[in-house]
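The primary structure of each chain is shown beneath.
There are 2 protein chains.
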Amino acid sequence: MATLVSTGLVDCDIHNHPASEARLRPYLAERWRRHLERFGGRNRHGLAQGYPYPKSAPQAARVDAWPPGGGPPGSSLAFMREQLLDPLRTSFGILNCLHAGAGQLDVELGAALCNAVNDWQVAEWLEPEPRLRASIVVPFEAGDLSAAEIDRVAGHRGFVQVLMLVRTMEPIGRRRYWPIFEACERHALPLGIHFGGYSGHPVSSSGWPSYYLEDHTAMAMAFQAQLVSLVFEGVFERFPALRVVCIEGGVAWLPPLVWRMDRLFEAMRDEVPELRRRPSEYVRDHVWLTTQPVEEPDRPEQLMQVFDWIGWDRLLFATDYPHWDYDDPARAFPTPLPAGGREQVYSANARTLYGLTDS
Amino acid sequence: MATLVSTGLVDCDIHNHPASEARLRPYLAERWRRHLERFGGRNRHGLAQGYPYPKSAPQAARVDAWPPGGGPPGSSLAFMREQLLDPLRTSFGILNCLHAGAGQLDVELGAALCNAVNDWQVAEWLEPEPRLRASIVVPFEAGDLSAAEIDRVAGHRGFVQVLMLVRTMEPIGRRRYWPIFEACERHALPLGIHFGGYSGHPVSSSGWPSYYLEDHTAMAMAFQAQLVSLVFEGVFERFPALRVVCIEGGVAWLPPLVWRMDRLFEAMRDEVPELRRRPSEYVRDHVWLTTQPVEEPDRPEQLMQVFDWIGWDRLLFATDYPHWDYDDPARAFPTPLPAGGREQVYSANARTLYGLTDS
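Heads up: the protein sequence lines correspond to chains A and B, in order.
Residues 1 to 359 (our numbering) make up the first sequence, in order.
Residues 360 to 718 (our numbering) make up the second sequence, in order.
Note that these hints are calculated values from the structure, not bench results.
Worth double-checking, as some hints may not be accurate.
[To be verified] Have a look at the derived ranges for each label pair, beta carbon to beta carbon:
{"no.": "1", "chain 1": "A", "residue 1": "Arg-277", "chain 2": "B", "residue 2": "Thr-694", "range": "18 to 28 Å"}
{"no.": "2", "chain 1": "B", "residue 1": "Thr-694", "chain 2": "A", "residue 2": "His-156", "range": "30 to 40 Å"}
{"no.": "3", "chain 1": "B", "residue 1": "Pro-697", "chain 2": "A", "residue 2": "Arg-89", "range": "39 to 49 Å"}
{"no.": "4", "chain 1": "A", "residue 1": "Gly-234", "chain 2": "B", "residue 2": "Thr-716", "range": "47 to 57 Å"}
{"no.": "5", "chain 1": "A", "residue 1": "Arg-89", "chain 2": "B", "residue 2": "Glu-541", "range": "39 to 49 Å"}
{"no.": "6", "chain 1": "A", "residue 1": "Gly-71", "chain 2": "B", "residue 2": "Ala-547", "range": "58 to 68 Å"}
{"no.": "7", "chain 1": "A", "residue 1": "Gly-234", "chain 2": "B", "residue 2": "Leu-395", "range": "42 to 52 Å"}
[Said to hold, decoys possible] A few chain B residues facing chain A, derived, Cβ under 8 Å:
{"no.": "8", "residue": "Arg-490"}
{"no.": "9", "residue": "Ala-579"}
{"no.": "10", "residue": "Ser-588"}
[Said to hold, decoys possible] Derived SDA-like pairs (lysine to any residue); straight-line CA-CA distance at most 20 Å:
{"no.": "11", "chain 1": "B", "residue 1": "Lys-414", "chain 2": "A", "residue 2": "Asp-144"}
{"no.": "12", "chain 1": "A", "residue 1": "Lys-55", "chain 2": "B", "residue 2": "Arg-628"}
{"no.": "13", "chain 1": "B", "residue 1": "Lys-414", "chain 2": "A", "residue 2": "Val-272"}
{"no.": "14", "chain 1": "B", "residue 1": "Lys-414", "chain 2": "A", "residue 2": "Asp-270"}
Yeah, the Cβ is synthetic: ideal placement off N, Cα and C, and Gly gets one too.
Using the sequences and the hints given, assemble the complete structure.
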């Protein structure tokens, strides 16, 4: 690993998880502890209880990622060091905790859970481990509560991003989410949009598909639809400093998408007269993508071609540890990346985007 | 135009339309004439009454496409000859009539309307005009009724395809649609899947978007989801002679989609053990794409690269006449096609696929 990048690996998608609900209790206000004891949580729909991963990969995890001392994958910092950070010589890893409150029907409970997760991240991950950074989890269906949570914790230098899940209840460019974008700008934090979510709408525009294979593939389309929404709702015009990171949605669909948007925009731009630039220009300036799970053509040079089209400065390496489709940095791409691009993708782009400095 | 292709242009997406509801009456059984007089039609939802096109382009049409003698765009064969077939020196044009019954809540009424449209197409388009061919319209949410309609009219040599719309009520690989695929195989007819539809589900997995720009862009994702469904439901394994044409969905998204499917399939193929080949192989053998509206990168060579990846033998030129985003064959692509590819795309591929012969 040492030779892969001279400046040290940055891993832009690592999942930490509380060992149990009880481990979050100390970070919850008494009012919400009582509430959870008496009522439990009520998620928006069944899927939010546990995304329907393959049964052979509970928690969507690598089978070897269950910590020997117990608890679910991603719950032990010691084991994460041993299994991930040390062997890969990771310089920096970004934690994206998926145990958040955004799926709660009671948005105030959701906000309290996010609050607890963020405090737990500070105390049990960021303070003890200088290589780790984290995303702020927010109850993203409630823009005001999310902005308040961002304001509350953004001062901690360990937080380098705000986290949403791609399958929101409404198209992500809508006004309800603007307070989040505003808070991201206020604190100069990128907005990470991660695979998954609890929209309630089917993942395909023709309804719920039969297979996990379809659901997983369709997630790339959810990302496409959300970029379309961000662009045409004028989000990048209204929040010119907003930077968006698409996490775990694939990458190769981006060029065809902006080509289509540009063509249509040329003909129909009157519908959104506040847009002053072409869709491709907004995307080029405001959007980053993590690499895992990268598309794998039989002819690897096709993927390198697509990376050229996207721009090497917009790609961020990620392992997705401890999930089943984990990418080992040495084998993440169907062909070794060219020298300059390698340095950017594995290290430099993330350092610039997230302001990571060894100190 | 004469020099564009030596063998004569084939236009794979032309829309004809009844001049009025009354013009279909002679082709309807008395039982349904009475029904329509007393109850009218009841479509699945409001959108089916008229897809929400831009107001400045009623019927989604070119402003110059309204026939001087009255009636909506696409309703006059004489004017279609004058405005489209003659000036482009079209050798063959494929009619895809979007006035069909698939959106009717009463599927038997839907079937009767499709029946009438098909008979109207024979009498008023195919018989009088030897350059035209047509798709069979079917009430595609009812597999059995659709198969019966295909069996009824497939013997007419003017019918060269069966038509569905991409936004079906369920993912298109599901069993309810299998009788259609079976009938396509039985009569050696390709299945055309066209932009639009009445699924009832939002076009984005995060709900209904605000703008026509988004809706139009998202249609490309609807096509992606449907190919995913066809592949993983094993449709090409069950119906090995089925040929699918994606009409008006764009083209450049195809390579990234199959790359993603292949990667995931490698890891999760146990979920669909009846599949014997990789997703990309099914797509390569069974799927064609019409070009309009083609994506337009700033650097046209990128599009040519993507055509290479898809395979030039899988691309079919289409104008989409009389719709607003009509593609003129001489200006349809951001760069002239190379000689061999030009012949294939504008003419040869469609002749082979649809069995078109000058006679």
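We went through each hint and held it up to the structure:
The hinted range of 18 to 28 Å is satisfied by A:Arg-277 and B:Thr-694, whose Cβ atoms lie roughly 24 Å apart. Our hint of 30 to 40 Å for B:Thr-694 and A:His-156 is violated, since their Cβ atoms are close to 52 Å apart. As the Cβ distance of B:Pro-697 to A:Arg-89 is approximately 48 Å, the hint placing it in 39 to 49 Å holds. Between A:Gly-234 and B:Thr-716 the CB atoms are about 52 Å apart, so this pair conforms to the stated range of 47 to 57 Å.
Between A:Arg-89 and B:Glu-541 the beta carbon distance is about 57 Å. The supplied range of 39 to 49 Å is therefore violated. Between A:Gly-71 and B:Ala-547 the C-beta distance comes to about 59 Å, which sits within the given range of 58 to 68 Å. Distance hint check: the CB atoms of A:Gly-234 and B:Leu-395 are about 44 Å apart, consistent with the given range 42 to 52 Å. Interface hint at B:Arg-490: violated, since its Cβ lies 29 Å from the closest Cβ of chain A, which is beyond the 8 Å cut-off.
Given hint, B:Ala-579 at the interface with chain A, holds; its Cβ is 6 Å from that chain's nearest Cβ, closer than 8 Å. Checking B:Ser-588 against chain A: minimum C-beta separation of about 6 Å stays under 8 Å; hint holds. With a C-alpha separation of about 36 Å, the suggested pair B:Lys-414 and A:Asp-144 falls outside the 20 Å cut-off, and the hint is violated. For the hint linking A:Lys-55 to B:Arg-628, the alpha-carbon distance of about 14 Å falls within 20 Å, and the restraint holds.
Only pairs whose Cα atoms come within 20 Å are accepted, and B:Lys-414 paired with A:Val-272 is accepted, the gap being roughly 15 Å. For a cut-off of 20 Å, the pair hint linking B:Lys-414 to A:Asp-270 stands: about 12 Å separates their Cα positions.
In summary, the structure is inconsistent with hints 2, 5, 8, 11 from the numbered list given earlier, while agreeing with the others.
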